[in-house]
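Novice: Knowing the structure of chain A, use the given hints to seat chain B with the ligands on it.
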Amino acid sequence: MYEFIQHVINGLAAGTIYALVALGYTMVYGVLKLINFAHGDVMMLGVYVGYAVAFLLGREHLGTISGALLVFAVSLTACAAFGFFIERFAYRPLRDKPRLTSLITAIGISFALSYGFQLDLAVSVGGHSITLLPGAASRRFPAIITPTEWAVLGDNDVIIWNWQVISFVIALTLMGGLQYLVFRTRFGKAMRAVSHDHRVAGLLGIPVDTIIAGTFMLGSALAAGAGILYAIKDKSIQPLMGVMVGLKAFVAAVIGGIGNLPGAVVGALLLGLCEEFIVGYTASSWRDAVAFGFLIVVLLVRPEGLFGRAQAEKV
Amino acid sequence: MAEPRRLGERAPCEPLLDVNGLEVSYGAIKALKGISLSVGKGEAVALIGANGAGKTSTLRAVSGMIKPGSGVITLRGESVGGLKSHEMVPRGLAHAPEGRGVFPNLTVQENLDLGAYLRRDKDGIAADLKKVFGFFPRLEERRLQMAGTLSGGEQQMLAISRALMSRPTLLLLDEPSLGLAPQVTQVIFRILRDINAQGTSVLLVEQNAHLALSLAQWAYVLETGEVAMEGTGQALLASEDIRKAYLGE
Ligand SMILES: Nc1ncnc2c1ncn2[C@@H]1O[C@H](COP(=O)(O)OP(=O)(O)OP(=O)(O)O)[C@@H](O)[C@H]1O
Ligand SMILES: [Mg+2]
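If you read the protein sequences in the order shown, they are chains A and B. Residue 518 in the numbering used here sits at position 41 of the first sequence; the count goes up by one each step and never skips. Residue 27 in the numbering used here sits at position 20 of the second sequence; the count goes up by one each step and never skips.
Hints are all accurate, no fakes.
Listed below are the simulated DSS-like cross-link pairs for lysine-lysine, each with C-alpha atoms no more than 25 Å apart in a straight line:
| id | chain 1 | residue 1 | chain 2 | residue 2 |
| --- | --- | --- | --- | --- |
| 1 | B | Lys91 | B | Lys48 |
| 2 | B | Lys74 | B | Lys40 |
| 3 | A | Lys574 | B | Lys37 |
| 4 | B | Lys138 | B | Lys48 |
| 5 | A | Lys574 | B | Lys74 |
| 6 | B | Lys91 | A | Lys510 |
| 7 | A | Lys574 | B | Lys91 |
Residues on chain B that point at chain A, a partial pick, calculated with CB under 7 Å:
| id | residue |
| --- | --- |
| 8 | Val96 |
| 9 | His102 |
| 10 | Phe110 |
| 11 | Gly122 |
| 12 | Tyr124 |
No lab work stands behind these hints, which were simulated from the structure alone. C-beta atoms are modelled at their ideal positions from N, C-alpha and C, and glycine is treated no differently.
This is chain A alone, in the form it adopts within the complex (with noise of 0.2 Å):
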């Protein structure tokens, strides 16, 4: 019984993850019917930053509230001004051609980061060597959040950890918090509008561009945070780690039905589940066959997803 309860816990806490990144995946779709593929590498981009964050903090602030405050401030900072230089340099000027135009793109850039990320680059000022590409090998993310026990359960059967919780909450108040933007408020009601027609949108004076870039920022945003979180559970960090996450959160943004919030955060928690029992009770090699078998399952029996709507569009 014990044994079943951990696979739960570890289940959702993987999933939180995979449903922070599916929710910036599935939001960018939302708005711009854009697949974005790198937004695993920005979620490691992210990473890196936070690392390098915690590296010029130093050990004395590492744990401390501020400094983990510190280091998502940063890194998600960096993230959105990164998120907007690509939407303004590589997606803006090919809103208007065909879509694969902008989904090629996007695969590039993911290329660009994963792989520019595993060259090592470091310049030398005033005798101090300042590294810029961080190279291929992995590296340990250090403990911004020192583990502790949130829970116990039975005679250490069950260990419910503090980031484990932390995670769990932050996603869901983002998920909430962003359905709450999109479908209350001014800005939200925009964004729906520049999602189905964006030049529409342009003439009852929704400013588009700022709309999109926007949106492309605080994605990217999310992206970081999650990255960060992932991070701290997984301890290590290398330049390819976006990918398989990205990938995953993709995944469950599909399942979820790509463009719907609460969506890919049901999706992404089942997946979690998922992979969890499937690992915990078979071979850890499963893992990632699962993943795509179950989205083989749900697209074959709903196509448009756990909670997408089929396009009721009259014309």
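Specialist: Same frame as chain A, now just chain B with the ligands:
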């Protein structure tokens, strides 16, 4: 380029929109080859012409949906050529585009709210909402319905109402009668006449030349990207050439 033929006398009015030598190209296709037209304050002006004459392109260039190749567009004395469409709205321009462009997955109410996107005057917005519901009571009944579930006529009413929600001085309309039953078209044109009578200037593009010319005080006839003729609605309606070419007589 030959001067367009001119029929009838234009009633003098204060200038509002002035378009001079407007050219628009789509790649190698030159859709507009130097168009000049104007709309005065309070005037209803029609733009008629065959398929592909460049009517939609003209409206799009005026509202900033597409960048003009050359030419000067002046709104209330300010040169506005090359501004983006969202920058035209605060200058008093609203454009109900070809094909209506309502947001199908948003409710009627949300569509209308978006029409007032740049406004902050809650009371004024509420008053204008009441006004458009007065024009089209059916929209009020369907306020919470998704716009995609409306009939074609209701969607057109919504598109016009949404454009009005920005309280424009100049309203651009692209084929409001397209695909609608004659009775529905009648209703819409009766309201357009009211809207114009209440002081909103209108630039109307229509395939249905008869409707357009009976509404408009002044009209332009577009042929393959050029203004071929202009005149009062009445004079053009009476003209032999127009009757043959556009009224099917
Ligand atoms: N996006 C576009 N790309 C390429 N060519 C275009 C585009 N839009 C219009 N055109 C061309 O420009 C010319 C003028 O088109 P426009 O839509 O302005 O005409 P219109 O008078 O509105 O026609 P209709 O009555 O069919 O609506 C046509 O030859 C059309 O084929
Ligand atoms: Mg047209």
